[in-house]
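Novice: We have chain A already, so just place chain B on it with the hints.
Keeping their order, the protein sequence lines are chains A and B.
1 is the number of the first residue of the first sequence in the working numbering; add one for each residue after it.
683 is the number of the first residue of the second sequence in the working numbering; add one for each residue after it.
I should point out that these hints are in silico values taken from the structure, not numbers from a laboratory.
This list has only true hints and no planted wrong ones.
Restraint ranges, calculated between C-beta atoms of paired labels, are given here: (1) B:Pro705 with A:Ala343: 42 to 50 Å; (2) A:Cys563 with B:Glu791: 52 to 60 Å; (3) A:Lys419 with B:Pro738: 54 to 62 Å; (4) B:Gly707 with A:Thr348: 28 to 36 Å; (5) A:Ser359 with B:Gly798: 21 to 29 Å; (6) B:Asn741 with A:Thr348: 56 to 64 Å.
With a cut-off of at most 27 Å between alpha-carbon atoms, the simulated DSS-like pairs for lysine-lysine come out as follows: (7) A:Lys216 with B:Lys772; (8) B:Lys772 with A:Lys231; (9) B:Lys789 with A:Lys216; (10) A:Lys392 with A:Lys637.
Idealized CB from N, CA, C, for every residue including glycine.
The residues making up each chain are set out below.
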Amino acid sequence: MSAVDPTEVFRQEAAELFETLEGALLDLCQRPDDRELVDSAFRALHTIKGSGAMFGFDKVAAFTHEFETAFELVRKGEIKPTQELISVALAAKDYIRALIEAPDSTDAIIGDAILDDLKRFVVPAAQPSGAAPRMEERAESKTAPEQRSAGWQLHLEFDSQILRNGSNPLDLLEDLAKLGPCFAVPNTDDVPLLDAIEPEDCYLKWDVTLSSDCDKAAIDDVFMFVLDEMKLVITPLAQVELPAPAPLLQETISEAPAVALAPAPEPEVAAKPAARAEARREEGKRSEERGIATVRVQAERLDELMDRVGELVIAQARLTQLAASGSDLSIKMIAEEIERLAASLRDTTMGARMVPIGSLFGRFRRLVHDLSRDLAKPVEFVTSGEDTELDKTMIECLADPLVHLIRNAIDHGIEDSAKRAAAGKTEQGRIELQAVHSGAQVLVTVRDNGGGLNTARIRAKAEEQGLIAPGAALSDNEIHQFLFHPGFSTAQTISALSGRGVGMDVVKRTIENMRGSIDLSTKPGQGTTVTLRLPLTLAIIEGLLIRVGDGRCIIPLSAVEECVELTAEDQRSRGRNFLNVRGNLVPFLRLREILQVPGAPETHQKTIIISTGETRVGLVADQIIGNHQTVIKSLSKLHSDVTIFSGATILGDGTAALILDVAQLVALAQARSEKQQMNEAA
Amino acid sequence: MATVLTVDDSPSIRQMVKVTLEPAGHQVIEAGDGAQGLAKAQSSRPDLVITDLNMPAMNGLELIRALRKEPALTGLPIVFLTTESNDAVKQEAKSAGATGWITKPFKPEQLLAVVGKLVRK
Chain A
1 MSAVDPTEVF RQEAAELFET LEGALLDLCQ RPDDRELVDS AFRALHTIKG SGAMFGFDKV
61 AAFTHEFETA FELVRKGEIK PTQELISVAL AAKDYIRALI EAPDSTDAII GDAILDDLKR
121 FVVPAAQPSG AAPRMEERAE SKTAPEQRSA GWQLHLEFDS QILRNGSNPL DLLEDLAKLG
181 PCFAVPNTDD VPLLDAIEPE DCYLKWDVTL SSDCDKAAID DVFMFVLDEM KLVITPLAQV
241 ELPAPAPLLQ ETISEAPAVA LAPAPEPEVA AKPAARAEAR REEGKRSEER GIATVRVQAE
301 RLDELMDRVG ELVIAQARLT QLAASGSDLS IKMIAEEIER LAASLRDTTM GARMVPIGSL
361 FGRFRRLVHD LSRDLAKPVE FVTSGEDTEL DKTMIECLAD PLVHLIRNAI DHGIEDSAKR
421 AAAGKTEQGR IELQAVHSGA QVLVTVRDNG GGLNTARIRA KAEEQGLIAP GAALSDNEIH
481 QFLFHPGFST AQTISALSGR GVGMDVVKRT IENMRGSIDL STKPGQGTTV TLRLPLTLAI
541 IEGLLIRVGD GRCIIPLSAV EECVELTAED QRSRGRNFLN VRGNLVPFLR LREILQVPGA
601 PETHQKTIII STGETRVGLV ADQIIGNHQT VIKSLSKLHS DVTIFSGATI LGDGTAALIL
661 DVAQLVALAQ ARSEKQQMNE AA
Chain B
683 MATVLTVDDS PSIRQMVKVT LEPAGHQVIE AGDGAQGLAK AQSSRPDLVI TDLNMPAMNG
743 LELIRALRKE PALTGLPIVF LTTESNDAVK QEAKSAGATG WITKPFKPEQ LLAVVGKLVR
803 K
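With the rest of the complex left out, here is chain A (with noise of 0.2 Å):
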């Protein structure tokens, strides 16, 4: 139904409509007096202008607003519906019908000649109005006369029964807060006694300074539905803004955290010293806020504000560790309190550096733009999860790395118009950039629709240059990690945006530093997908510590799923490492064995489940000790080799632990499972 074209709905509507209008038009001739008939050509009229206009027939509902004006005479019982006025109408249906099936050659001498008749019958009686009234005619005449003002003071009473009849007033303050900053304070006055609150009733009113330079008939607008429903009064905020004598200015001053705390007062009530200060209160607050929509603070400064924290967490670690090895329960209560502000100190600070990712995807629209103008290939960019937030500097270094990747997928990815239609796609291609949260990490994808990979020619390629014997096996992923070779392009002709080599072993390099990864896939005439894993922040975690031996290893919280516990008959499996978690097969690693922690495993084994995305891998340690909040230090130079590692942190007793690097075992796991079924297979 919904691919129905509505102006061919509405014409098939007018063609019923019109015979209504015919049949009612001729049986009035009958039947003069019959009050029926009469309604039933007003409504078929009524249809016909109402749709006409909503589907671009401009001439039918000017039209048809005339003939309308002079049937609403008929209907009031002003004029008779003669003879002469019916073919009248006659005529000007004929012409509706012209207008509808054939605008462009019908000929408006006809209508005005029409009109001209019918406007015979409608002089003799008062004159109605001209033109047919239409929203905007009437919102411009609304507006014209209102002046303009700094602000505004709102005074708000709604009707008890608002709620009932399906408007909210919160949603309406939401509305008012779209013109301009608000400041609303509730009056709470009318609200009664638990047992007398009817639950569906407003009793609440509102004062709102609502700081904007809208006009009047904007608010009005907010309001428009219930305005009958309400008490509303606007002052210009400029009216009650008085310049305060200087003697006063103190004294309205101090009371001013008072007045703060009480309800608005309203403009006519309140002694003048109150309308004062609320209105310097105000003022201020507006100030305040404009302050904190400018504060510019040194990206070092947060950095060292971190390592603060960072500090502090460690600290406060220290003394959990001490507090719970004791008996004294005050300590435990103030070590418990400095946990609770350590961690929302710690959420604060780094939330101050997080930034949503959509500022860097509105970028991108201009350069695909003009991309795909400049190589004539029709593509359709679409982004997903703008909101994800990351760190600021983070969202920094990915522009650049960004801006490759889409270059490529367009220049490289989307095939030209002829072969796309040769392998049955549709003309315009499509580039998806998306954000999403997974686990510990951001995946930033960039996805195009387009040819794939071409694995023939990257390991062509490769050999050329003396990358990989001719002929040595290699997986095709493998193979394609040859992309990220300094120097390396396939591209047979070298255009201004892409296919000269530098690009995607910098992109690569750029995401490692930021302790993220790269990952590419691709289907032979599907398309492409680079996947870009980013931690999600950059110094400090919720960790779940665990011990494998001697040692102590912390595991990211947000990857951990769930932890169970190494069953006898797991252990048994010993060949297969798979887990069974409630049906379902889940692959383990021995953390002992990973490790190499030499000696025989303790009897009782857990396994921590962890997830990158969808893969779920489990990791076998001797014991889980608990939740850790773990302060990242990055590991040295000298560690870069190290895989399985993403940091280290200090623990409360001034011992090392090893952050595990998730994403890296889960790849291991996976690698050594599908080794295992080769091996089977074989």
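Specialist: Frame of chain A; chain B shown alone:
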């Protein structure tokens, strides 16, 4: 997104509502008269009702009054379509319990604006 019930005896108005709201992500269900509209509102619990006033078999005013008597539909926003800018009609519909109105002819953006105003989903 939101489920919107459009009640109108004119299929082209219903179609107009549908083609305007569906691309914006709303689900649109239709009813050809007031009686049908009441039944559909009871069965599918829409987030918003857009009704014409002038309809056969239970007109818009009767529908609004009937919907307001449904305890399960308390607070349901109801918008009526009116061709007249006549305040008496608006007044009557408002006192019957309507939340707002749209003046016909309306443009798609006007319809979307009203839906956005009354539906927060």
